[in-house]
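Trainee: Each chain, letter by letter, is given below.
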Amino acid sequence: MKLSAASVIERATDDASVKAAKGLTSPSKWGASLGFTDRATWGACQGSGSKPYQTQVDLSGASPSFKCSCPSRKFPCKHGLALMLLRADNEGLFKTHDEPSWVSEWIDSRKEKAQKKQEQVELLASDPVAAATAAAGSTKREQGRWRRIETGAHDLERFLCDQIDRGLAGLGREQADAWLKMAARMVDAQAPAWGLALQRAAANINQGPDWPTQVLQAMGQLQLNVDAVRHRDALPDGLRHDLQASLGWALDKDLALRQGERVADDWWVVGSVVEERENNLTERRVWLVGAQTGRRALILDHSHGGRGFEVFWPLGRCVRTVLAYFPSAWPQRAVVAKEMTVVEAEPWTARTPALEWEAAAEQLAHNPFSVLSLMLFTNVTPTREAAQGKDRWWLRADGADASAGSEASAPGSAIPLRIGKDQGWDLLANAAGLPLKLAGEWNGTTLRPTTALSAEGLLAFEGHIDERSAR
Amino acid sequence: MSLDAFLPSALLGTARAPTLPALGEGAVGALFSKLQTPKEASTPTEGPPAAALTLLRCVAAANLFARAGFVPIGAESTDLPPAPDLSGERQRAAPISPLESVLAEQMPRLTAEVLDRMAQARLRAPGPVLRSLLDLGSRQQALRPSVIAVLGARGRWLAEQHEAWAWAKGSALNGKERESEQEQWDFGSLVQRTAMLTRERARDPQAARDRLMSELKELTPEDRTALIGALRIGLSHEDEPALVTLTGDRAREPREAAVALLSLLPESQLSKRMAARMAAVVTHTGGLIRKKTWSIEPPSQTDEDWSRDGLSTPKASPQKTGQVNAMGDRARWLMDLVAHTQPAWWEQHTGMQPQALVQWANDSDWAEPVLMGWLSALETFPTAHWAKALHDHGKGSALTPVVKLRLLPSMTKAEREACWLPRLQNIGRHTDIFHGFIQGCPIGESLSAEFSAPLVQVMLKHAAGPNGHYGLLHTLADLVCIVDPKCLAPILTLNLDAEDVTPSARDFLAKAQSVARIRSTLSDWILTADPA
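Sequence order for the protein chains is A and B. When the count follows the working numbering, it moves up by one through the first sequence with no breaks and lands on 471 for the last residue. When the count follows the working numbering, it moves up by one through the second sequence with no breaks and lands on 1532 for the last residue.
Please keep in mind that the hints were generated in silico from the structure rather than gathered at the bench. Computed from a predicted model, the values in this text were never measured in an experiment. We put the beta carbon where it would ideally sit given N, CA and C, even for glycine. Be aware that one or more of the hints could be misleading.
Said to hold, decoys possible - Straight line, CA to CA, 27 Å or less: simulated DSS-like cross-link-like pairs of lysine-lysine: (1) A:338 - A:111; (2) A:22 - B:1486; (3) A:19 - B:1511.
Unchecked claim - Chain B side only, calculated, beta carbon under 7 Å to chain A, not exhaustive: (4) 1003; (5) 1084; (6) 1128; (7) 1130.
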């Protein structure tokens, strides 16, 4: 695989990495160390120390994997980016010859690990005894965590009810401290999502005219979770996993690989949203839709400390792979169960808007803890409404519905968009008043576009939305 | 379903307002009724307040119903302006990535060059960069004509949607877009209307003049000033009456624009008054037998038409005039007169050529106001042989090398470069001359290859070394914008990691290299843009 300079730059964590990498594309930095084979590219880059940094890239998968001996915590580091930029612009500098041992050992060990993991999954899938042994160990830990959560749920319920009993009208900034203390208590109780919800609710107290509704909504959702924890044994397995996820309980990827439904398809990458979270954590949500099955999937990754994500998803392209869904009452989140290859495929299609809303309602009915749904629309037109000095953005579906008997199918409907000001104008420019295809995340009240496809090409919406200008 | 029904109890507190209203009908109502039924026995009596718990559970259910039952609002609640007619689009879309690289450099000269080349190649800006381009035009007025030229139907439509882009507004007619010049005059932006008037002036100067004069009252001062400038095309003595009328405009800028045009007409009454004033101050002795000796005696007072003829200048500061020493009134009036008189008058009046005139002025007691006046006159009446003469022979403390840089735009390109070339090898610490190169090179032009090649060598010598001039480093990227693209190779191959490249210089050199890369590959992507 050979990447273009543009696709190398796409993989950078930030602009500073790109700038630093460009400063390392002088051949004198790498000397005669540059080489490549079908599966790898490597070089040794002179740094400030006496020993050069050994940088290598595994090209055998659908997306490259980087490794470097430098101490950078960014991934890929500037050396990895520089190496690939050099390869893209100046391949003549690279020699084709045997891989040095520090390259072949790494790539061989990666292949071996992937092979072992696959074998382990297949073993557990085929050997009930082995699977049961593995499961038993995790059950004990799981039970311990549930006990702690249940204790936390008891405290949370008491807290919420006390607030309602006294009345929200009396809440001020002083009382918000109590909310933050309870949030910390929830983290201790191993329900970090509850803690986050309380922090966000506390931040809304006395902010804006709608704050009582927003705070009450958050409290209602927390109460739902508390009741669910209390009755978790009566919940179906899938829904109990959903409840775990809603608590912020990290799901074991092996669970999906072992027990999850597997779906092979050509998956369109219709969204990649990266958000900064608390404690220097970065979350990435990659949304996929199957070209043949029409199934939708969410790949959720986290990275810490500004490091990038190892797997690159080509936005707007199609990848052939097998996904394994996490057990759920409404399977959505998945992991990759087989190596990916980029393929050409028929463009994704969407249901009518009415059916999209019905599906979103269905998702909620099956999994009341779900927060986001992937929505797909064709023949929709973005439009702008200027109100009180702010831009509000809408997505119009004019005459896109053929089905009758539903308010959502009435010709001409508009969905509120959650989008930054510049992004809104970019979307408007891409559409120019004409219909386009759009994929987005629906959170129950607003739609956050992830990609839009028009005659002008693909427009991707990634990263942070400036909430001060959004909607 | 909204939470409004629960807010009174939630705000007041269930201790005081425990009762919830009946909610919903059918299955939904039944569920709420069930939730509001007294608690199951498993709830301990010492547990949370029952009314509060009930309210929270009802809110939880209402949340879910609201989300599941979401219905978009009617589309009639939002406006959708008519889409542009793209069928008449003549311009192909430029590739996105190289254009984004250009915009990322944030260099007006480079951006103007690229956009103008795109317009010449009938390329338009693609959708993803339109917003950035329009924002750029909003911030930088000088770039607006270049931006407008590449908007295409889609971009012009977009400009219609945002008040901040009103300068590009009104061009969203398609084109079939502009069916007549009249439409452009009626609905176009100021830039477009000025362009239209300019075209009309070239075809029919009287019609253009009459059009302007008939609509003066509806125009703002800014509009009047710009449109009066269009009368420069095909300017003739027939324009004098209208221009005289315009010298009575209530705003200063239109008056000055009209006076500037009148002064371009040697036979206008204004020019004759100027000539008469000058003839009164530039006199000679001898002439019949003895050789004429010319002398200057500045006016001792102003006349009644002084101000109307654009001669009333405020007391100038030394910095503004470039003078080292402040002038008295008479010297200032003299300088003003000279500045508003066509240089050709001096040759006609004295019979001397520019070089001789400059040398004569050098020895005069009034050298500074005359020389500085000529400097200003050449900015109004650019005359190449005059600019060269003043540049080469003008002396005096006010005519510093930096001040003389103002003469460069009046020269031909060859004259400019001939002035610069000797200085190039002896720049020393005077790196401000590089600013002159940039100022003297009109946007859209490049230096000749003959000048660019040694310029690049000098640039790199003074920028990259350990004694790199900081002032030069700051202008390096701008210099790369005016170098002949054929001479960019030394910059492209510069090793930024070389030992003698200081860290402080590296960033500037990297930017210069990036700009060089863009300019050297410009033809590639403009010529290879995909057909529409």
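Trainee: Now tell me if each hint is right for this structure.
Mentor: Verification of the hints:
no., hint, result
1, A:338 - A:111, "holds, 13 Å"
2, A:22 - B:1486, "holds, 24 Å"
3, A:19 - B:1511, "holds, 11 Å"
4, 1003, "holds, 5 Å"
5, 1084, "holds, 6 Å"
6, 1128, "holds, 6 Å"
7, 1130, "holds, 4 Å"
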